[in-house]
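Colleague: Listed here are the chains, written in short residue letters.
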Amino acid sequence: MDLTFGPDEEQIADAAAQFLRQRLPVSRAHLEHERQLPAPLQEIAELGWFAITLPEELGGLGMSVVEDAIVYREIGRFLAPTDILGTSLAAEIAARGGERELAGALMAGTAGAGIAIPLPGGAEGEHLLFNAGAEFAATAGPERAALWQVPTDGKPFSCLDKTIACQIVNLDPASAVAVSDGPTIFRRALLATAAMQTGLAEAVLAMIVEYARIRETFGRPIGAYQAVRHPCADMAVRAEAARAQLFYAAIALRDGMDEAGALIDGASLVARRAAIANVDRNIQLHGGIGISEEHDAHLFMKRAQVLGQFLSSERATLDRLAAAGRA
Amino acid sequence: MNLDLSDAERAFRQRARAWLADNVPREPRPTEPMAAGAYDRAWQRKLHDGGYAGLNWPAAYGGAGLTLIEQVIWYEELARVGAPGLNALSITINHAGPTLIASGTETQKAFHLPKMLSGEAIWCQGFSEPGAGSDLAAIKTRGEIVGDEIIVNGQKTWTSYGHLADYQELLIRTEPRSSRHKGLTWVICDMKSPGIEVVPVINMMGEQHVNMVFYDNVRIPLSNVVGGVGNGWSVAMATLSIERSLSYLIDQIELLERVEQAFELAQNVRLDTGVLASEDCELMRRLADVKADAFAIRAMTLTNLSKINEGGKPGPEGSLLKLYCTETVQRLARIVREMLGLEFLRYGNDRTSNRWTYEFMWAWVLTISGGSSEIQREIIADRLLELPRAR
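Residue numbers (the working numbering), protein chains in the order written: chain A, 687 to 1013; chain B, 148 to 538.
Isolated chain B (complex conformation) (with noise of 0.2 Å):
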């Protein structure tokens, strides 16, 4: 076992510092949604231009081809510097990109995933319906195929920059009759396509994130059926493995810089009981607990990866790392809450007016998004410890 990194490696990370201090954009993300997926859109082009757009994706299909390794080393260095996410772009780049790339075919992956790469098109997923979330394979959204062309009527929900994107990977069903896991296809939607109502889902940050998408007689080509008309849920499934795998490295990477910037806020904040929060034992230890488990947190992650590249496939431990590192992010947030006491309060319904406080509220979208800490739970105990199925 070691820690080295390769001399490939160590010259990556000079590299990729030096192009993050010439291009970290200098004004924050505008927080209007329109503006932002803009911002997204413009940040994206220039990681493009870099050489930096699709990390993992191989670089056949235009990505940067990076290695794990180097990948971590990417995240490591972006939070370093607090560079943007890819925000409206991560399901494009981290779903999306990877599913066509698996399950495409050549003219589908000609076609969209150098707009994907250039932030030309933004991607959302069509997977969780009202009756379909936790359980999505009780997906009720139909395809009617009728000619060279799928009809598609029903709704989606939870649709995370649904008001920005240009395309959506669709999951629904086209088998009559067929239920669960069977009789599902997963389509490129385009979301300009006549039927098509977006309605925003404002959440309690305030914010427009999430949307209801609504299908009307929606007429899809049948050759945007990615990976074959009844193998939808196995092509989603890659999908949300992958998102499970990556999507969950940045904030595994985050967590530790966010809590070395609760120890520096707590050099700032005085205290109903007139200390300074950073001389104040009980808050300083649990501060030290949470350091501890990002630490951890940090270590399995890189383990994880390890078992990957030695040839093991993306498996349950992701589950466990999702379940720590999401709970672990709201333990932190929570302590800082009592840091910040009165000050916690002070909130102007957007995430630039106090960051801290809406933190606290986006934790709850880790721990519910991406498969509930619930579900990470009956995943771990039916896949990694093996108990009696429940279902």
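Okay, chain A solo, but in the shape it has when bound (with noise of 0.2 Å):
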């Protein structure tokens, strides 16, 4: 038994992290705040990023949720687009559901996806799309993943998460492009997702951290007062144990463990959690500077709450985990 990163684990973390430091760091975010950037997804299909849990004999790298997982935790922490994982996810749809040469352009990065999700007293189909400029749109519940050609009927949706064009969309069930049946999809999505909201707890916990160490007031750092130290612990805790339940349900995912899918709900809440809580706590910690538009913590905590009703809503994953008997 080992849950610490071994160096080719490492390697992938650090990779990761040096392209998102370099093509997509934070301050993009910025800029998409005020107006929607592409992603530029043919250079981050060049990663292998659309294609990490695809067997190769499917074109992919026949890697694991494990890799999967690492590389999703540093797309959170740099707040890069969520539409990487719509394309991977339509990527593994196609790829799965049989449609080889959908599946080749969605890992090459020439066609791309969001991610759509069910709206709730909606009409029959219609979906709350994340990225609507793509030309396709993913979705992934615990019974079957699907995909289909975005349709050019959408109604527009202003999105809290300015970085995210959203529309709403009508997808009608008979006119899926690709189907993927059974729970791997989701798993796999509810898993990068929780990765993401790992990633971007640790990355305002290590914001807060550092302004601590700095701003003065009443002429003592504020990182000396207890009001301010505590919440921090109490933030380094949430992202500790987000990371960990992480990779513990990405190697039970990887090595087919019955009680994966209990491990993976309990990592989707306890990560969302330290997201939402991690995004609020930063933003109290800097005083007035936090809830300026030119300061990255708003960034945060909008991605927090798009992340926070990806997938699985928590009520959802909560009812999945309270029936999912003794583990």
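Hints in this document: simulated from the structure, not taken from any laboratory. The reader is advised that the hints may include incorrect statements.
Covered stretches of chain B, as calculated for chain A (at least 3 residues, CB under 8 Å) [what the hints assert, rightly or not]:
1) 457-471
2) 529-535
Restraint-style ranges between C-beta atoms, simulated for each label pair [as the list claims (entries may be wrong)]:
3) I900/A x A285/B: 25 to 35 Å
4) E156/B x G808/A: 48 to 58 Å
5) A155/B x Q697/A: 23 to 33 Å
6) A185/B x G1011/A: 31 to 41 Å
7) E485/B x E896/A: 47 to 57 Å
Every value quoted in this text rests on a predicted model; they were computed, and no experiment measured them. Every residue gets a Cβ at the ideal spot worked out from N, C-alpha and C, and that includes glycine.
The two chains are supplied separately, each in an independent frame; assemble them into the complex guided by the hints.
Modeller: Below is the structure:
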């Protein structure tokens, strides 16, 4: 048993962070905040990120959800575009659904996909699509994942997270381009989302810790006050819990353990809470500057709200875990 | 990264499971303090005979010499069958023994270690004082060195199992006018020495668990000093880091089992609304939320052990775990309180009368003892986050 990164795992994380730091830094999210920029999908495709978990015979890298989680944690840390996950899920749905050519285009980044979530109370087939500019929309539920061509008659939806173009689209169940039955893609998507939430929770912890060391009030750095130190310690607990459970669950899924489904739901819950609670504390502890547009804090807060609704609501996740029975 | 157990580890699980099936005491632990002590000694004796005493002690000192992973397996198996913990022997095995192994003389080890393992000797801790709890370095109990003896005067408190103990790990100030971490000495104190008075402190659960210990000119041979006169602080800190990394292992592993027991309880409890607790969405979601935390605590525990296995020392990560685990135990206890409603109020002043109400109160022992949650947050802020010092 070993739950620490080996050299290969360290290298995957470092390489991902290095690419993101150079090409998709958080400062880009500020620009996106004003005008959504297309994600450099082809450049990302060269890293193989749209095919990490696909077996080699389907044109993928043949790696596991563990490597996937390592990469998505970095993506979350840098607030990189959410269509990376959308395109990657789409490639997997297309490949597993027998659409080899489409899968190839998605893996190469010449076609992109967003993630679509069913609108509760909406008309049949009505979805909120994240990354409206994409050609395709991917959905992933516990029983089935599917891929659609994005219809042209979408209704505008202005998203809280200005880095993400959204629209409301009607995805007719009969017109899916590819489907993949079973929980495989849903579980992977839930883990990748938890990984982004984990990276995000770690990023805002690092942000407030750095600030608390230098910002002074009443003649002392704010990091010397217990009113600041203790919530930071709680942020560290949440981030570490999310990180540990993320990789434990990823290994369980990779190795086909019986309780993998429950462990992934657990990872989803602790990572969501870490992201949502840490962005909250980060803004509060920054004080006035924390609510300004120029600061990064609100970008992380807004992304955390989006990720918190991706794929499976907290409510649905809790209900699955409550029904899972003895682990 | 992997979760695989080696062949040896899997074989160990089989062995442990088989041994526990044959040897776990059938009768529950008595509530009367002295009878409970006798029960704990008998269980320790049995563990010793079975080769399961001193799990983390090196085999050279008569311990089981288990790896960290094997210890996890052992505690998982223990939790699975609801076997008793070390209880009165926990300080003996988890603190005192490892401290003697690390810092004691060969004579001290040869005399004390076998008695600890066999359950013949129970040890208690003599660190905290009325004015030195969270701020342990404020210790005032004096030890005056006279010839080849130390004359001890003062008072200790919160001494778990002091009423049963044969020996005490006693931390005293041997350098007059010294302050804080300097001038302290760690000595082995024979609890039968003249001048010692043990006064029980009954806790809010109604049991005698902790005590005050008074010292009136208690004479301790200088040869009982462990780790050298004046080195008490570093000797004591070694003990505390063992406490943080090992003693909570069992709480962490038991938590998951308790969550499952709460889910089972929910199938048998009817709420004031008339529905079964297991059919109440809100309660079930709160329980599921705690289950997610129990998973994460297990994952953190194993991640931590992996780091230690790779040559790391138990570090501030232990504080993250202690804080997270004990606060989660408390949250679980509060959810069960909601679930039990009026039945929660049934309590006959001992733990067997209502295990859930008892555990609700016991949760405060966990969040306060061994460094309170507030102290753990300070340790995390100082040592993990490297924030500017508050003190």
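Colleague: With reference to the structure, classify each hint as holding or not holding.
Modeller: These are the hints, each one checked on the structure:
no.: 1; hint: 457-471; in the structure: holds (count 5)
no.: 2; hint: 529-535; in the structure: holds (count 5)
no.: 3; hint: I900/A x A285/B: 25 to 35 Å; in the structure: 32 Å, holds
no.: 4; hint: E156/B x G808/A: 48 to 58 Å; in the structure: 52 Å, holds
no.: 5; hint: A155/B x Q697/A: 23 to 33 Å; in the structure: 30 Å, holds
no.: 6; hint: A185/B x G1011/A: 31 to 41 Å; in the structure: 39 Å, holds
no.: 7; hint: E485/B x E896/A: 47 to 57 Å; in the structure: 40 Å, violated
Figure legend: structure checked against the earlier numbered hints; the only hint not met is number 7.
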